[in-house]
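Here the working numbering is used: the first residue of the sequence shown is 1, the next is one more, and so on.
Read the hints as simulated data drawn from the structure, not as lab findings. Even for Gly, the Cβ is constructed at its ideal location relative to N, Cα and C. Among the clues, some could well be false.
Here are the simulated DMTMM-like cross-link-like pairs (lysine to aspartate or glutamate), alpha carbons at most 20 Å apart as the crow flies [as the list claims (entries may be wrong)]:
hint, residue 1, residue 2
1, K80, E50
2, K58, D92
3, K78, D126
4, K68, D126
5, K132, D92
6, K62, E50
7, K128, D22
8, K28, E103
9, K6, D22
10, K48, E20
11, K58, E103
Simulated DEER-style distance windows between Cβ atoms [said to hold, decoys possible]:
hint, residue 1, residue 2, range
12, K75, S45, 26 to 32 Å
13, K68, K99, 38 to 44 Å
14, D25, K71, 15 to 21 Å
15, N65, D92, 27 to 33 Å
16, S144, K75, 19 to 25 Å
17, K4, K102, 32 to 38 Å
18, K99, A70, 37 to 43 Å
19, Q33, K99, 23 to 29 Å
20, D25, W88, 35 to 41 Å
21, S144, A67, 18 to 24 Å
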Amino acid sequence: MANKKKYCFDANIIIKLIIEEDYSDKAKHLFVQIIKDDKTIISPSFAKVEIFSVLRKKIFFKKLNQAKLAKNLLKLPKLKINYISENWKLLDLAMELAKKLKETVVYDCIYLALAKQQKAIFVTADKKFFNKAKTVYKPSLLLSQYKPTK
């Protein structure tokens with residue numbers, strides 16, 4: 001049985017699937033297309049913590065209300081995303097990538113390391129990180145550059 005093509009979603013992509021932000025339409029289209037094509041979406045387990053932290057921050061700064069958040073959070077477990085537990089090998093690779101990319105923290109590099117480890121296409125909405133990531137891992141996609149097909 002051949003391996004399915006995989007996509008590794010950064011937390012910023014998953015957030016766009018559950019609340020309206022810039023490029024949410026592209027994120028939703030990409031998500032639907034991947035599922036329709038019977039491909040796999042992965043993300044590190046850590047993404048769930050990052051997603052909740054970002055959403056909490058939006059509530060704190062009154063960019064999102066609690067009632068709307070509660071409704072949107074119900075969507076999260078229903079998304080067909082395989083969350084993969086971090087292990088020492090993945091974290092070592094993330095640390096190595098952080099050093100190569102001159103990143104001060106490893107958070108973003110965990111997504112990139114998982115994509116690399118799983119031979120997945122890395123998908124992010126973070127242009128600055130994307131520009132660095134593509135220097136060490138070519139199968140990367142910046143959401144704003146995604147061209148939906150009909």
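Do the hints match the structure? See the list:
1. K80 x E50: Cα-Cα ~18 Å, so holds.
2. K58 x D92: 31 Å, violated
3. K78 x D126: 24 Å, violated
4. K68 x D126: 25 Å, violated
5. K132 x D92: 18 Å, holds
6. K62 x E50: The given pair, whose Cα atoms are some 18 Å apart, holds under the 20 Å limit.
7. K128 x D22: Holds, at roughly 16 Å.
8. K28 x E103: With a Cα-Cα distance of about 29 Å, the restraint between K28 and E103 is violated, given a limit of 20 Å.
9. K6 x D22: 24 Å, violated
10. K48 x E20: Holds. K48 to E20 sits at ~18 Å (cutoff 20 Å).
11. K58 x E103: The given pair, whose Cα atoms are some 25 Å apart, is violated under the 20 Å limit.
12. K75 x S45: 26 to 32 Å: 18 Å, violated
13. K68 x K99: 38 to 44 Å: 40 Å, holds
14. D25 x K71: 15 to 21 Å: Between D25 and K71, where Cβ atoms are some 19 Å apart, the hint holds.
15. N65 x D92: 27 to 33 Å: 41 Å, violated
16. S144 x K75: 19 to 25 Å: Hint holds: Cβ distance 22 Å, inside 19 to 25 Å.
17. K4 x K102: 32 to 38 Å: 33 Å, holds
18. K99 x A70: 37 to 43 Å: Taking Cβ atoms as reference, K99 and A70 lie about 40 Å apart, which means the hint holds.
19. Q33 x K99: 23 to 29 Å: Given about 34 Å between the Cβ atoms, the range is violated.
20. D25 x W88: 35 to 41 Å: With a Cβ separation near 38 Å, D25 and W88 satisfy 35 to 41 Å, so the hint holds.
21. S144 x A67: 18 to 24 Å: 30 Å, violated
Checked against the numbered hints given earlier, this structure breaks hints 2, 3, 4, 8, 9, 11, 12, 15, 19 and 21; the rest are met.
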